[in-house]
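Asker: Sequence:
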Amino acid sequence: MIQPQIHLASSSPRRRELLAVLGISFSHAGVDLDESRNAGEPVDDMVMRLAREKAFAVDRTQYGGIPVLAADTVVVLADQVFGKPQSKEEALAMLAALSGQSHRVLTAVALIYDDELGTAMSATEVRFRDINPDEALAYWQSGEPAGKAGAYAIQGLGGIFVGSIKGSYTGVVGLPVFETADLLAQAGIAVLGTTD
15 MIQPQIHLAS SSPRRRELLA VLGISFSHAG VDLDESRNAG EPVDDMVMRL
65 AREKAFAVDR TQYGGIPVLA ADTVVVLADQ VFGKPQSKEE ALAMLAALSG
115 QSHRVLTAVA LIYDDELGTA MSATEVRFRD INPDEALAYW QSGEPAGKAG
165 AYAIQGLGGI FVGSIKGSYT GVVGLPVFET ADLLAQAGIA VLGTTD
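Offset between the sequence shown (1-based) and this note's numbering: plus 14.
Derived from the structure by calculation, the hints contain no laboratory data.
Predicted model, so just to flag it, every value in this text is computed and none were measured.
Careful, some of the hints might be misleading.
[Claimed, not checked] Derived EDC-like pairs (lysine to aspartate or glutamate); straight-line CA-CA distance at most 20 angstroms: (1) 98 / 67; (2) 98 / 46; (3) 180 / 93; (4) 102 / 149; (5) 180 / 139; (6) 98 / 139; (7) 180 / 144; (8) 98 / 55; (9) 180 / 58; (10) 102 / 158; (11) 98 / 59; (12) 98 / 49; (13) 98 / 48; (14) 98 / 129; (15) 98 / 158; (16) 102 / 139.
[What the hints assert, rightly or not] Now the in silico label distances, taken between C-beta atoms and shown as ranges: (17) 131 / 49: 11 to 21 angstroms; (18) 204 / 92: 12 to 22 angstroms; (19) 18 / 54: 34 to 44 angstroms; (20) 128 / 156: 42 to 52 angstroms.
Where a beta carbon is used, it is the ideal one built from N, C-alpha and C, also for glycine.
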């Protein structure tokens, strides 16, 4: 069995797939913490705080002290944060709000290694075409919106709503590979065989 180079503090299959693309061997497990926004907290600060808290929530001694990678993703319309919908009604309300609008997707990444903490942020603008209520309902019934920030998955059926994207596609999926590879290189973990 290949020894993991890092531990991914996430149970997200999308993050695992993206990390696997980088050719990094890793272990993974989700962490359970309150992802609420603090009163008056700017969205960018919230996303970065949650990524750091997820990384620090891992007991590194359980994984032999290897680096720990964590990420947090939110969908933001104006200053309203759209997390994972808790019901059909909430998902449909999110899709109705995002319909015909541009929104931001923020993904913060944190990597703890040695006695260091490296962080990075990806901000991407996504524009949705108009979504009619019947489409939104059919999309909900596909099962895809459940457990997805903003009630959609750009890499799946939700991609049909995306008119344009400016920024990181993988950041919208949940793990920006450019920023992640840079953090790994800082920790001495080569993605393409060199960290120079």
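Asker: Keeping to a limit of 20 angstroms between CA atoms, is the pair of residue 98 and residue 46 held or broken?
Answerer: Holds: residue 98 and residue 46 sit about 15 angstroms apart, inside 20 angstroms.
Asker: Compare the distance between the alpha carbons of residue 98 and residue 67 with 20 angstroms, and conclude whether the hinted pair is satisfied.
Answerer: Distance of about 18 angstroms is within 20 angstroms: holds.
Asker: Is the hinted pair residue 98 and residue 55 satisfied, with a Cα-Cα distance of at most 20 angstroms?
Answerer: Status holds; Cα separation ~19 angstroms.
Asker: Does residue 102 pair with residue 158 here, judged by a C-alpha cut-off of 20 angstroms?
Answerer: The given pair, whose Cα atoms are some 11 angstroms apart, holds under the 20 angstroms limit.
Asker: Is the hinted pair residue 98 and residue 48 satisfied, with a Cα-Cα distance of at most 20 angstroms?
Answerer: holds (13 angstroms)
Asker: With a cut-off of 20 angstroms on the C-alpha distance, tell me whether residue 98 and residue 49 pass.
Answerer: holds (11 angstroms)
Asker: Take a quick look at whether residue 180 and residue 58 sit within 20 angstroms of each other, Cα to Cα.
Answerer: holds (18 angstroms)
Asker: Just tell me: holds or violated, for the beta carbon distance of residue 204 and residue 92 against 12 to 22 angstroms?
Answerer: violated (41 angstroms)
Asker: I want to verify a distance hint. Is the separation of the beta carbons of residue 128 and residue 156 within 42 to 52 angstroms?
Answerer: holds (44 angstroms)
Asker: Tell me if the beta carbons of residue 18 and residue 54 are separated by a distance inside 34 to 44 angstroms.
Answerer: At roughly 39 angstroms between Cβ atoms, residue 54 and residue 18 fall inside 34 to 44 angstroms, so the hint holds.
Asker: For residue 98 and residue 59, compute the direct alpha-carbon distance and say whether it is at most 20 angstroms.
Answerer: holds (19 angstroms)
Asker: Does the alpha-carbon distance linking residue 180 and residue 139 stay inside the 20 angstroms limit?
Answerer: Holds, at about 5 angstroms.
Hints 14, 16, 18, counting from the list given before, are not met by this structure.
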